[in-house]
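Protein chains: 4
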Amino acid sequence: MAFVAFIGLGQMGAPMAANLIKKGHQLCVYDVNRQAVEVLTGLGAKGADSPSAAASGAEFVITMLPNGDLVEQVLFGDGGVNESLSKQALVIDMSTIHPLHSDGLCQKMSQQGFSYMDAPVGRTSDHAIAGTLLILAGGTEAQVEKARPVLMCMGSELVNCSGPGMGIRVKLINNYMSIALNALSAEAAVMCEALGLPLDVAIQVMSNTPAGKGHFTTSWPNKVLRGDLSPAFMIDLAHKDLGIALDVANQLHVPMPLGAAAREVYSQARSAGRGRQDWTAILAHVRKISGRSEA
Amino acid sequence: MAFVAFIGLGQMGAPMAANLIKKGHQLCVYDVNRQAVEVLTGLGAKGADSPSAAASGAEFVITMLPNGDLVEQVLFGDGGVNESLSKQALVIDMSTIHPLHSDGLCQKMSQQGFSYMDAPVGRTSDHAIAGTLLILAGGTEAQVEKARPVLMCMGSELVNCSGPGMGIRVKLINNYMSIALNALSAEAAVMCEALGLPLDVAIQVMSNTPAGKGHFTTSWPNKVLRGDLSPAFMIDLAHKDLGIALDVANQLHVPMPLGAAAREVYSQARSAGRGRQDWTAILAHVRKISGRSEA
Amino acid sequence: MAFVAFIGLGQMGAPMAANLIKKGHQLCVYDVNRQAVEVLTGLGAKGADSPSAAASGAEFVITMLPNGDLVEQVLFGDGGVNESLSKQALVIDMSTIHPLHSDGLCQKMSQQGFSYMDAPVGRTSDHAIAGTLLILAGGTEAQVEKARPVLMCMGSELVNCSGPGMGIRVKLINNYMSIALNALSAEAAVMCEALGLPLDVAIQVMSNTPAGKGHFTTSWPNKVLRGDLSPAFMIDLAHKDLGIALDVANQLHVPMPLGAAAREVYSQARSAGRGRQDWTAILAHVRKISGRSEA
Amino acid sequence: MAFVAFIGLGQMGAPMAANLIKKGHQLCVYDVNRQAVEVLTGLGAKGADSPSAAASGAEFVITMLPNGDLVEQVLFGDGGVNESLSKQALVIDMSTIHPLHSDGLCQKMSQQGFSYMDAPVGRTSDHAIAGTLLILAGGTEAQVEKARPVLMCMGSELVNCSGPGMGIRVKLINNYMSIALNALSAEAAVMCEALGLPLDVAIQVMSNTPAGKGHFTTSWPNKVLRGDLSPAFMIDLAHKDLGIALDVANQLHVPMPLGAAAREVYSQARSAGRGRQDWTAILAHVRKISGRSEA
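Protein chains in written order, with the working numbering: chain A, 1 to 295; chain B, 1 to 295; chain C, 1 to 295; chain D, 1 to 295.
Just chain A, same shape as in the assembly (with noise of 0.2 Å):
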């Protein structure tokens, strides 16, 4: 049993609270909606009047707040947790929000002598409420093997994300893949409509190729990853492909801007000279374009 200050009684963060509740934790909570406050103080949580008051006396503090200067504020603003936190307590944040700011914040704390860890979520609201999240957890490993057992009573796994704010970088990453292929998906599916394709036809064969199984552990890891460049499937195929594809959306009136997107940074891989590299190369191509170095 711990004492937790939760700060942050939204969509995601009540459930989250009352989970901590009925694990047995003692809450002291703050929002600046009261009638949020009163939903968990009739759970047996206290309510506080500022962070500062939630932050009390917690051996944790938990944040999770719609964005970074909500966080900052909360941490170091009028009333705020650094006003009160003790040496000893661990602040996770657990919202999302921009990582260079999140460094920002742990520097900060850690400046004032306070230990703060980065501990974003995935999934929905449903599993806050069910208590099986997704923990990412971003800090040294003590830091993260302290807050385990308050973590897993809101979450069903936790990935230790390997370093401090590591768990906001893998939460970034993992929304910017899922977010842009969501788009790119519907444009897939909607040109198999447009071309009288069964979905679940296309599903199917895409089950087994990297269409549906994604690169990263498909066609890159003998590849790109490896530095092996030689081709399977050339660079010049994948742009004639592409080509099509777009020659048919354009046809039937499907827009595909991530597609023609696409096509034009096939399009620089072959001005690059990749033409007959293999098309995993196009990770060689993108970190050099970056300005990093290709190998």
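Quick caveat, the hints were computed from the structure, so don't treat them as lab data.
Ideal Cβ positions, reconstructed from N, Cα and C, are used throughout, including at glycine.
Any given hint could turn out to be false.
Stated by the list, open to error - Here are the in silico distance ranges between beta carbons for each label pair:
id	chain 1	residue 1	chain 2	residue 2	range
1	D	GLY104	C	ASN208	48 to 56 Å
2	C	THR217	D	GLN11	23 to 31 Å
3	A	GLU83	B	ARG276	30 to 38 Å
4	D	GLY196	B	SER110	43 to 51 Å
5	D	GLN11	C	GLU145	47 to 55 Å
Fit chains B, C and D to the known structure of chain A by using the hints.
Only chains B, C and D this time, still in chain A's reference frame:
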């Protein structure tokens, strides 16, 4: 054992033809490249001087060519297949070409009383050599069953794509997804590197989310594919997260053209009043902007 | 007065042919659409049953067709122009087609001993009717001078584009710029509206800046076109300003896909070490990523 | 002669302040960079230790800073302008910042009884030195007239942008257009080079078409801006021409991400049933997809 004419002996066609010979079929081959023909005659095939000569007396005519214009010329040009083709024979085009062109060839063959189906392949030239290609068969039930024993000499898996022209359609969609996804994955991976985040940590997490598993079998089936757009994860939040990711990427000098295009798609979905719908509503949105019924 | 064969009597071709008649030329016309032919015979033209028949005895053969395949067929197909064409005649293709296709046609005609030039037109069907088209003449000096009197019956301005194939190239570039610029202008105009800014105020200002006057004659000549990349306005600042604009647009739900793509181009230029170069260095950057010498 | 506080003495601010001195105004200047202050005191300005000290007794306070957060801090932070500002003074922010941020600052100043206007500048640091900047004045009539004599010491042209916040809005739109257009122009110019077409020939032609003159004053006024969408040049044809251009560009390895994005915008306009409308209908289309009335 069947008489098979094989036209197109490139990086894919040559090993495919070789596998047919190994499995006991009688081959007559044609290619504009005489050396490619000689390699196959060295393995027991007969060589022909024209597509017409190759097709004469064949039960199956397989074409494996770089583009649709060449397929059209091989079938209908001077010395083309249709000059000698038997009405009992089955022409199987295994090339990757424009699906509407494939439809046109199918129709033209059919009007002349010939039987034609599409059966493009998945996987790489290594799989062509090993005889473990993925065969995407588009034809009538009767065509697919007739072709199956021959096709399975070249591949380890055959998907009946449920109708004429559907093999080439699946191929197009699959390649579109995998090729564009490759570019998207490179953006995400390079952002990992720019953020100092180990790629394996990111992959571990993404393997259990739509980022790694795709949306077709995870987020979509219980939401948009059923017409349920109530939010598990709102378009507004997806848009916000993409904005953060692009902000970070632009600070770190990682160009992310696909992500940038995706953000504008979400922006437009918000303009269309979908901000508080589930993120899978992006499919409904793309349907609508393609001029289709969004339901 | 000349004998002119005119092939292709659509929205543009019909009034162009009519103007030739008005100026006293002797026309023989062909179109697949018999009604279109009849309109012109009503004005004094002779009608022909095939391109070959139309071209027989002509001093000039003008083609005005929707795409390159049709031009090719009209020249080289059954009943095509080259069956009856005199070696003294000049073929002028005024269609807008793929420039590399145009090059191919020119070469093929030339190999057969025929004289062929490109002269696509600018402006609209209203100008075609008024005889005030812009003629973009691509040919040798001799061809252009020979064609000039005939061409000037249809247009009010002729630009000698300085060589065979150059007319069609100018047309392509001009249309590319104006069509893409139209979409970009719509993004800017709608952002005006979303910001409550009167468009006429914005236009007044932009009329005196590169936003309205373009870069070719304003920011480029004294900077990148001379190889001077010292900053009058830095890439870094241009990138920052685009970021603000996209931020505003995304807040206001104005999708700006061209702007989003542009930002990633600047981001990449920064990755390539150009952040502190003049913004006109974007030309040098695009040259380089196209595999050309950037100087 | 007026008492002017000038805050922000960077590449633009320093010469602007110097011009105010030359024209006889009494300056008190502030910058975090002490050396920048000394340069101006060497020209006759007084130096101040804080924004508040600079603003004390001033009739005009001019801010020229890199971003909105700095403007906010200079106005409202510790030692900020509002600690000493007279209610009779006029604050003129000449920085380029987020317009919604500018609105917020204006409102906050107004609530405290202060007078604030925006007046960002156009052109380059060379013009700042020469005193020939373009001033984009956003304020009430009274504010603009009061500021005019002071502002005209720094510029050769002042546009009254017709209301508070309108200067910064015009600046944003103008920069958006010119910066994105710069990237678009580079795509077109490099395609010229790739096609072997002299850029000066292309520029000569484009100087007389919307490609070079823009659409705001050429193709739009008599069509979409009047609500007339009858086709002078159809969306379908514009889409076709963009497709040809992208095809050529991809053959020649010239990446054209803006053009590719534009094509998808036209494709979507066609899906929305606008294929046979005038190309200027792209404005109506973008209005509609932005959730605005399209009329």
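Hints, verified against the model:
no., hint, result
1, D/GLY104 - C/ASN208: 48 to 56 Å, "violated (29 Å)"
2, C/THR217 - D/GLN11: 23 to 31 Å, "holds (26 Å)"
3, A/GLU83 - B/ARG276: 30 to 38 Å, "holds (36 Å)"
4, D/GLY196 - B/SER110: 43 to 51 Å, "holds (45 Å)"
5, D/GLN11 - C/GLU145: 47 to 55 Å, "holds (53 Å)"
Checked against the numbered hints given earlier, this structure breaks only hint 1.
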